[in-house]
Amino acid sequence: MAVESPTKPTFADKLYDKMFHNYVWKSIFRTGYPNTPRNQMLVVATNVFLHLHPTRIHRTHVKITHTYCLGGLSFFMFLGLTVTGILLMFYYVPSVDRAYLDIQNIQTNVQFGQLMRNMHRWMAHAMVILVFLHMMRVFYTGAYKPPREFNWVVGVILLVLTFLLSFTGYLLPWDQLAFWAITVGTNIAGSAPVLGPKSRFWLLGGLQVGPDALIRFYTLHVIGLPLLAAIFMAIHFWRIRRDGGLARPL
Amino acid sequence: MATAVVARPVARPQARARDEEVLVWPDLVFVEFIAAMVFTITLFLLAFLVNAPLLDQANADVTPNPSKAPWYLLNLQELLLHMNAAMAGVIIPTIWLGILAAFPYFDRETEGQGKWFGTERSVRITSVSAIVGIVGTWVLILWDSGKGAYLLNKWFGFSGGDKLRFLENMRAIQSQLPWPEWSRKITYLPFNLKILSSDAPGGPTQFQHLDFPGWLVEQGIPIAALVGLPALLIYSLWKMGWVLTRRDALLALFSGFVGAYGILTLVGTAFRGPGQELVFPWQLNVSEGIPGEE
Ligand code: HEM
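Quick mapping for you: the protein sequence lines, in order, are chains A and B.
Following our numbering, the numbering of the first sequence begins with 1 at its first residue and continues without gaps.
Following our numbering, the numbering of the second sequence begins with 1 at its first residue and continues without gaps.
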């Protein structure tokens, strides 16, 4: 084997050194730019966001067709909805007098307001669809089998929470679509034997969709349910790692 | 010799095959990045092109016709048209979610895990069950809406006459058969049980009565169908030698569910016009409602 003689560092090498080996960068990221296997594993292990992943995974699991990224995309929608949702919260007041006008205002007077509202709406629909498809992919790949039983149960809880998040958000624009959809929806809930009327009353804060219902749905939508969903997602992701990564044939 | 208590191996991380593994950075992070970008761009485009709907301000006095729940609940609203409201809206979905959550406790074999359709015959079972779910649901909806009888007559000139009128749809079983009077008021509890009764409390002591034909149509037949038809599907596939394991049975059940659920959602969304009449999607004109009219 020929011994490589060190070449003089090129301009690119110097630039690289300046950018990724300086004091400030290293204080934030610890590793250099992840261009060696060592650095690549370190970046995944030491970065708070990336460390949801293991440092290495089985070959078959990076194939798009194994997961179609559906779980990851569900989570991505959740993040996107959080961002657009917070922006919408700046302008929206959940009172019967203001809600509808605020939405109109967002659409006409707020910079990019219409865009934010559209994004929030379409992402919400996308999330419902993606979560359902994710459940189908988990089922048809037999990934609920031991030792992943409990994570499937956590998944079913997440499915219900996703529906509830979407449902509570539906009322907030306080237009005819919102009002009647929630009236129909809560009537369905209210028809349950024994507990139905009580739970409907509890959900609406009254006998009809009105101001109390709006504030309840709002509170559930912006804090109660997202918090629950985040907790269950944390359990979900934690369990994936604990159960030895994604399922693969024995 | 010390005997350790052998607990059930809870989390059994599979033996790691290092040479089969790739690094998360760059391989997986790259895939995730692309997926996120594709979705971000698509959703931005969608948001630029299509505005979120905003109708008139909410008004409790103006009822749009039809009033519909959000689309992902329209499957339940569709079910509601065919049976008792509590059953369709609450009891069935709750039980189904329970069954869904119990899947892994029913099928504990690890065979075929981690691979698309990893067991033998699974593609066959899945496609046939999904088709049965789709076609079966359509047929039931057409029948119960009376469209079945109408189309039989229109296309084949077939008419059951008065004798068979009771088969026209579900309600006809209640209204067109000569039920004896007593069957419409069967006493099953000789006292009033408050949680079963929607009457105001404190009224005269009443017996709990059962309107049998009504019960049959609203609950009896739907329960029989919802339990019986999936059972029949699995039984037939078993007889055919397709369903041999618990996994196979779940494949049939889940695929049939996905088919039926899809059709219920589709019909509820795109085929239900004013008065929840069954119409074609292009005839779906929603009436915005007239003030003061239900
Ligand atoms: C908000 C909803 C959900 C989020 C954000 C989510 C997220 C994820 C992610 C990121 C993964 C990693 C693999 C992949 O992307 O497919 C995963 C795996 C998994 N999910 Fe979900 N999920 C959700 C709902 C569900 C539901 C509804 C179910 C089932 C009823 C479920 C069951 C599972 C199981 C069993 C795994 C392990 C799969 C395997 O080992 O191959 N999840 N989930």
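Be careful, since some hints might not be right.
[To be verified] Derived Cβ-Cβ restraints for the label pairs, each shown as a range: (1) A:SER199 with B:ASP211: 25 to 31 Å; (2) B:VAL22 with A:SER199: 46 to 52 Å; (3) B:GLY161 with A:THR65: 41 to 47 Å; (4) B:THR94 with A:ALA230: 55 to 61 Å; (5) A:ALA234 with B:VAL50: 32 to 38 Å; (6) B:THR94 with A:SER95: 30 to 36 Å; (7) A:GLY205 with B:VAL50: 30 to 36 Å; (8) A:GLY205 with B:LEU284: 31 to 37 Å; (9) A:ALA234 with B:SER287: 42 to 48 Å; (10) B:VAL50 with A:SER95: 27 to 33 Å; (11) A:LYS26 with B:ARG124: 31 to 37 Å; (12) A:LEU15 with B:VAL50: 41 to 47 Å; (13) A:GLY224 with B:ASN153: 52 to 58 Å; (14) A:HIS21 with B:ILE41: 31 to 37 Å.
Calculated directly from the structure, the hints in this document are not laboratory data.
All C-beta atoms in this analysis are idealised placements derived from N, C-alpha and C, irrespective of residue type, glycine included.
Comparing the hints with the structure gives:
no., hint, verdict
1, A:SER199 with B:ASP211: 25 to 31 Å, "holds (26 Å)"
2, B:VAL22 with A:SER199: 46 to 52 Å, "holds (49 Å)"
3, B:GLY161 with A:THR65: 41 to 47 Å, "violated (56 Å)"
4, B:THR94 with A:ALA230: 55 to 61 Å, "violated (24 Å)"
5, A:ALA234 with B:VAL50: 32 to 38 Å, "holds (33 Å)"
6, B:THR94 with A:SER95: 30 to 36 Å, "holds (33 Å)"
7, A:GLY205 with B:VAL50: 30 to 36 Å, "holds (33 Å)"
8, A:GLY205 with B:LEU284: 31 to 37 Å, "holds (33 Å)"
9, A:ALA234 with B:SER287: 42 to 48 Å, "holds (46 Å)"
10, B:VAL50 with A:SER95: 27 to 33 Å, "holds (28 Å)"
11, A:LYS26 with B:ARG124: 31 to 37 Å, "violated (58 Å)"
12, A:LEU15 with B:VAL50: 41 to 47 Å, "holds (44 Å)"
13, A:GLY224 with B:ASN153: 52 to 58 Å, "holds (53 Å)"
14, A:HIS21 with B:ILE41: 31 to 37 Å, "holds (34 Å)"
Consistency with the previously given hints fails for numbers 3, 4, 11, ordered from lowest to highest.
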